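**Student:** Chain by chain, the residues:
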Amino acid sequence: MAEVTYLEALRQGLQEEMRRDERVFILGEDVGHYGGAFKVTDGFLAEFGEERVIDTPISEAAIVGAAAGAAHLGMRPVAEMQFIDFISCAYDMLTNYVATSRYRANLPCPIVVRGPAGGYVRGGPFHSQNPEAAFLHTPGLKIVCPATARDAKGLIKAAIRDDDPVLFFEHKYLYRRIKEQLPLPGDGDLVTPIGQARLAREGRDLSIITYSAMVWKALEAAERLEREDGLAVEVLDLRTLLPMDDAAITATVKKTSRVMVVHEDTRTGGVAGEITARINETAFEWLDAPVLRVTAADTPLPYAPALEDYVLPQTADIVTVARKLAAY
Amino acid sequence: MTARPVVAEDRAAAERQAAGGAPPPLGRERLLELYYYMRLTRSLEERLTNLYRQGKVIGGLFRSLGQEADSVGSAYALDRAAGDMLAPLIRNLGSLLVMGARPEEVLRQYMAKATGPTRGRELNVHFGDLGRGFVGQISHLGDMVPVMAGVALTFRMRRQGRVALVYVGDGATSTGAFHEGLSLAAARRLPLVVIVENNGWAYSTRLERQTAVRGLAVKAGAYGIPAAREDGNDVLAVFAVTRAAVERARAGGGPTLIELLTYRRKGHAEHDDQHYVPKEELARWEANDPLERYARLLTSRGWLAADELAAADARVTGELDRAVAATEGDPAPEPESALEGVWASPARQPAPWYREGGAARG
Numbered sequence: 233m234a235e236v237t238y239l240e241a242l243r244q245g246l247q248e249e250m251r252r253d254e255r256v257f258i259l260g261e262d263v264g265h266y267g268g269a270f271k272v273t274d275g276f277l278a279e280f281g282e283e284r285v286i287d288t289p290i291s292e293a294a295i296v297g298a299a300a301g302a303a304h305l306g307m308r309p310v311a312e313m314q315f316i317d318f319i320s321c322a323y324d325m326l327t328n329y330v331a332t333s334r335y336r337a338n339l340p341c342p343i344v345v346r347g348p349a350g351g352y353v354r355g356g357p358f359h360s361q362n363p364e365a366a367f368l369h370t371p372g373l374k375i376v377c378p379a380t381a382r383d384a385k386g387l388i389k390a391a392i393r394d395d396d397p398v399l400f401f402e403h404k405y406l407y408r409r410i411k412e413q414l415p416l417p418g419d420g421d422l423v424t425p426i427g428q429a430r431l432a433r434e435g436r437d438l439s440i441i442t443y444s445a446m447v448w449k450a451l452e453a454a455e456r457l458e459r460e461d462g463l464a465v466e467v468l469d470l471r472t473l474l475p476m477d478d479a480a481i482t483a484t485v486k487k488t489s490r491v492m493v494v495h496e497d498t499r500t501g502g503v504a505g506e507i508t509a510r511i512n513e514t515a516f517e518w519l520d521a522p523v524l525r526v527t528a529a530d531t532p533l534p535y536a537p538a539l540e541d542y543v544l545p546q547t548a549d550i551v552t553v554a555r556k557l558a559a560y
Numbered sequence: 019m020t021a022r023p024v025v026a027e028d029r030a031a032a033e034r035q036a037a038g039g040a041p042p043p044l045g046r047e048r049l050l051e052l053y054y055y056m057r058l059t060r061s062l063e064e065r066l067t068n069l070y071r072q073g074k075v076i077g078g079l080f081r082s083l084g085q086e087a088d089s090v091g092s093a094y095a096l097d098r099a100a101g102d103m104l105a106p107l108i109r110n111l112g113s114l115l116v117m118g119a120r121p122e123e124v125l126r127q128y129m130a131k132a133t134g135p136t137r138g139r140e141l142n143v144h145f146g147d148l149g150r151g152f153v154g155q156i157s158h159l160g161d162m163v164p165v166m167a168g169v170a171l172t173f174r175m176r177r178q179g180r181v182a183l184v185y186v187g188d189g190a191t192s193t194g195a196f197h198e199g200l201s202l203a204a205a206r207r208l209p210l211v212v213i214v215e216n217n218g219w220a221y222s223t224r225l226e227r228q229t230a231v232r233g234l235a236v237k238a239g240a241y242g243i244p245a246a247r248e249d250g251n252d253v254l255a256v257f258a259v260t261r262a263a264v265e266r267a268r269a270g271g272g273p274t275l276i277e278l279l280t281y282r283r284k285g286h287a288e289h290d291d292q293h294y295v296p297k298e299e300l301a302r303w304e305a306n307d308p309l310e311r312y313a314r315l316l317t318s319r320g321w322l323a324a325d326e327l328a329a330a331d332a333r334v335t336g337e338l339d340r341a342v343a344a345t346e347g348d349p350a351p352e353p354e355s356a357l358e359g360v361w362a363s364p365a366r367q368p369a370p371w372y373r374e375g376g377a378a379r380g
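Just so you know, the protein sequences line up as chains C and B, in that order.
So the numbering used here is basically just the index in the first sequence, starting at one, shifted up by 232.
So the numbering used here is basically just the index in the second sequence, starting at one, shifted up by 18.
Simulated from the structure, these hints should not be mistaken for laboratory data.
Just so you know, not all the hints are guaranteed correct.
[What the hints assert, rightly or not] Just so you have them, the derived chain C footprint on chain B, three or more residues with Cβ under 8 Å:
1) 138-146
2) 261-274
3) 362-373
Since the structure is predicted, the reported quantities are computational estimates derived from the model, not experimental observations.
Each residue gets a CB set at the ideal place from its N, CA and C atoms; glycine is no exception.
Bound-form chain C, shown alone (with noise of 0.2 Å):
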């Protein structure tokens, strides 16, 4: 065992998968020479040479639509959007071309577009979004947003091992702040399974739904409504949104029958909503109260810290939202 962060963890996963399988290959902007903005892939050229890690053009339409020409030939492409902000610049090819490619056209298509998300690190509009709930919406993408060290090593296995395109959104605020204790690399092989969400917490009085980074405001929201309140807080930690685990909700909401979601990202037509909309077709009568959101205002993100920090979800505000909900 020893204690890796996040982003080293994640690094680890993909050299596991780069070394265990010739298919794999990296492509985007600065993987290769500068080994990556965040130094995610760095070493990495060195260790696979120029034509498995690959700088390309500054054109993320091309390395997306690139990725899926080789995934259909059989290779395992894993592209990197520098920040995932520009993932929107390849949103036509990644939700017309690659989403469809196996349902029109019997095209595998087993790409990972992996990239930083987030804020909390004053990144302001263009480098802090969350792209999540643009995507949930297309049938044939699958979404995973890793909360933990662990999870960021097992699911960029299993994204890369699945034979469907994956969008894999890395937390960048999680990057060097989040430390695991996890196998040395080639001491077993950690794969997180795609779509089983993972109890981060158990209790019985409310159940926090929730992702990514906003698992650990909910953990720290918990522990202080546990202290203060006395009250038992679960959290549930999706870790894939695209196939949800309706499964692990569903239990979830029959066990504590009051829920709250919590996203980092905005509002209006967020995660969050589709959630709340599948318990309430499934699961309406096991609530005792309704169920509640905490995510980011519908602005775009502001760079001023008093700005960001404002718009943002934190700690108080999910504290806040549980002693309502349990309070109703």
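Starting from the known structure of chain C, fit chain B onto it as the hints suggest.
**Tutor:** Structure of chain B alone, referenced to chain C:
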């Protein structure tokens, strides 16, 4: 290869005046095969037009009348045995047929049959078969350029000596995907041939309103790759120019952009009456029909006899009679099959509860 202008009408006139005696550029069998594929393309589309008028073609019908030489001649320049691949556009029925697509598949596809290559999910010539070397296109123009760059990248990574070819129209050269894909392919010198079919029209938009450049081959210069410009209605010229680009790519010379000058003689699709097209322009291109030109060339030079062409025509007629008879009565897909195959896993989507057990009720 450098860009050189071709005035198609002049070329046709020269052919008409050409004396016999020149040696054929290809063997007799291959000359005849080119003719067969052009005839098959045209006749299959004529059958589809009949089926469209009978209401049996469910969606729109896209004709390549007058563009058969550009599709057939270019696809024929690929080495299928070597595993070369292409991605067609909506007016590349001829390319698909050359790669081995069967008229039955095209008919079933247009008639939305369960037996069709996409089981009723996609329309017209939007289907693919990796085994036969063609990748299913989507409607978003230009998108196949990056995709085929990825195919070419894979050929190179595997050191396979295979070549990828992708078609775009004049309109698609305005898209970002065209630019990004070509830029990437050029920067990495990938074995990719990009054919720009300049047929004068993007739906109802003329080339002059599409771009300020005169001639699309010049765009290659911006990517640092060679270009060629050729008469797209001369099947042998199309074959030759494409073959040269394919072999350059195979030898490691990187991408080539080929502009083929041709003309869209029907509307964008069958519903479009082309009221915006000048009649005299249509007449001029009708006189430059690629199939008639090729037949005239073959017989006037003595490369093939008229009865050999007639036999090919009869073969096409027979094949299409059988193909239509074999497919017209095929079943429509089962409604619930719509839920299959969105993902590899899960393999099937759940039906909404109000659809469980079949189609809409109440």
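**Student:** If a hint holds in the structure, say so; if it doesn't, say that too.
**Tutor:** We went through each hint and held it up to the structure:
1. 138-146: As far as the region 138-146 of chain B goes, the hint holds, because 5 residues have Cβ atoms under 8 Å from chain C.
2. 261-274: violated (count 0)
3. 362-373: Result for this restraint: holds, n = 4.
In terms of the numbered hints stated before, the structure departs from hint 2 and from no other.
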